[in-house]
Amino acid sequence: MRKIVFRHFRRDRKTELAEYLLGAILSSTSQVPNLGPGVHRSIQNERHITIPYILQKERPRECSTGMNRFCASDRLEYLQGLVTEFQDTDSEEAKEQILANLANFAYDPRSMEALRMLQVTELFLDMLTEENENFVEFGIGGLCNLSMDRECRDQILQSGGIPLVTGCLSSHRDETVLSAITTLMNLTTAASRSQTTDGAVVQSMLRFSLTQNPRLSNLATVFLQDYCTQDQVDKARELLQGHSQSAVGIPLPKD
33 MRKIVFRHFR
43 RDRKTELAEY
53 LLGAILSSTS
63 QVPNLGPGVH
73 RSIQNERHIT
83 IPYILQKERP
93 RECSTGMNRF
103 CASDRLEYLQ
113 GLVTEFQDTD
123 SEEAKEQILA
133 NLANFAYDPR
143 SMEALRMLQV
153 TELFLDMLTE
163 ENENFVEFGI
173 GGLCNLSMDR
183 ECRDQILQSG
193 GIPLVTGCLS
203 SHRDETVLSA
213 ITTLMNLTTA
223 ASRSQTTDGA
233 VVQSMLRFSL
243 TQNPRLSNLA
253 TVFLQDYCTQ
263 DQVDKARELL
273 QGHSQSAVGI
283 PLPKD
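Residues 33 to 287, numbered by the working numbering, are exactly what the sequence shown covers, in order.
Think of the hints as simulated: they come from the structure by calculation, not from any bench. Each hint should be verified, as a subset may be incorrect.
To be verified - Simulated DEER-style distance windows between Cβ atoms:
id : residue 1 : residue 2 : range
1  : Q151      : T221      : 17 to 27 angstroms
2  : D266      : T221      : 21 to 31 angstroms
3  : T161      : D186      : 18 to 28 angstroms
4  : M149      : D120      : 15 to 25 angstroms
5  : C103      : D266      : 48 to 58 angstroms
6  : E145      : Q257      : 32 to 42 angstroms
Here the structure is a predicted model, which means the values were calculated and not measured. Beta carbons: idealized from backbone N, C-alpha and C, even for Gly.
Using the sequences provided together with the hints, build the complete structure.
Below, the structure is given as structure tokens:
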């Protein structure tokens, strides 16, 4: 499983809630390995963001279905607290922490309904145009997880999210680019394919497929083979011949 590691913060007794909640998430999902040579194409690249800090909230009560199961009302209340805190705080550092935690909860299918109700999809989309690169990275990481859910995927599409996600392909951060590619895969439907595989996207994937970063090159290759037609690839390759910069005018992410 690929992880975005956030720096450590001072712990106190209530940070056990972070371990308690994230433990519940990880106990119900299988880990996703780093992409490498020979990666199976069915592997989806959910983004799990490791962060040892969580805003101080009371421990949700346990339901009778098991110690790692939270009542839906408690889960909603907790997530509402995170969203409210994000809206109220002026601290960028605090906002980063909240975004990372929300992105982690987007990894858990049991959180999807609450996240949709709280319009966290819109919050993540808003982050993609921020100057703070951490905001962008955590926002696209959250969208990558949410887009695995059909209803969340439809929300992203209805909100015009494809151009915002595509814009992340120009990031210098490989984690941001990896999340963007996977999100585009998840957003591809019969109706949206013309947008998720337009000429600029295919050209970018061709360049990414040539990078020395194996995770990026493998994922881009899968995108080209499984989501693009040979005609699209041939046209994009022809347009790229003789050009030294990426399709979006930004150098490739640093390996």
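Exercise for the section: Could you tell me whether the CB distance from C103 to D266 stays inside 48 to 58 angstroms? Expected result: Distance hint for C103, D266 holds at roughly 54 angstroms.
Practice task
Determine whether the Cβ-Cβ distance between M149 and D120 falls within the hinted range of 15 to 25 angstroms.
Solution key: holds (19 angstroms)
Exercise for the section: State, for the Cβ atoms of D266 and T221, whether the hinted interval 21 to 31 angstroms holds or is violated. Expected result: 24 angstroms Cβ-Cβ, so the 21 to 31 angstroms window holds.
Problem - T221 and Q151 - C-beta distance against the hinted 17 to 27 angstroms - result: With a Cβ separation near 22 angstroms, Q151 and T221 satisfy 17 to 27 angstroms, so the hint holds.
Exercise for the section: Return holds or violated for the Cβ distance of T161 and D186 against the range 18 to 28 angstroms. Expected result: holds (21 angstroms)
Handout entry: Q257 and E145 - C-beta distance against the hinted 32 to 42 angstroms
Key = Given about 34 angstroms between the Cβ atoms, the range holds.
Of the numbered hints given earlier, the model fails none.
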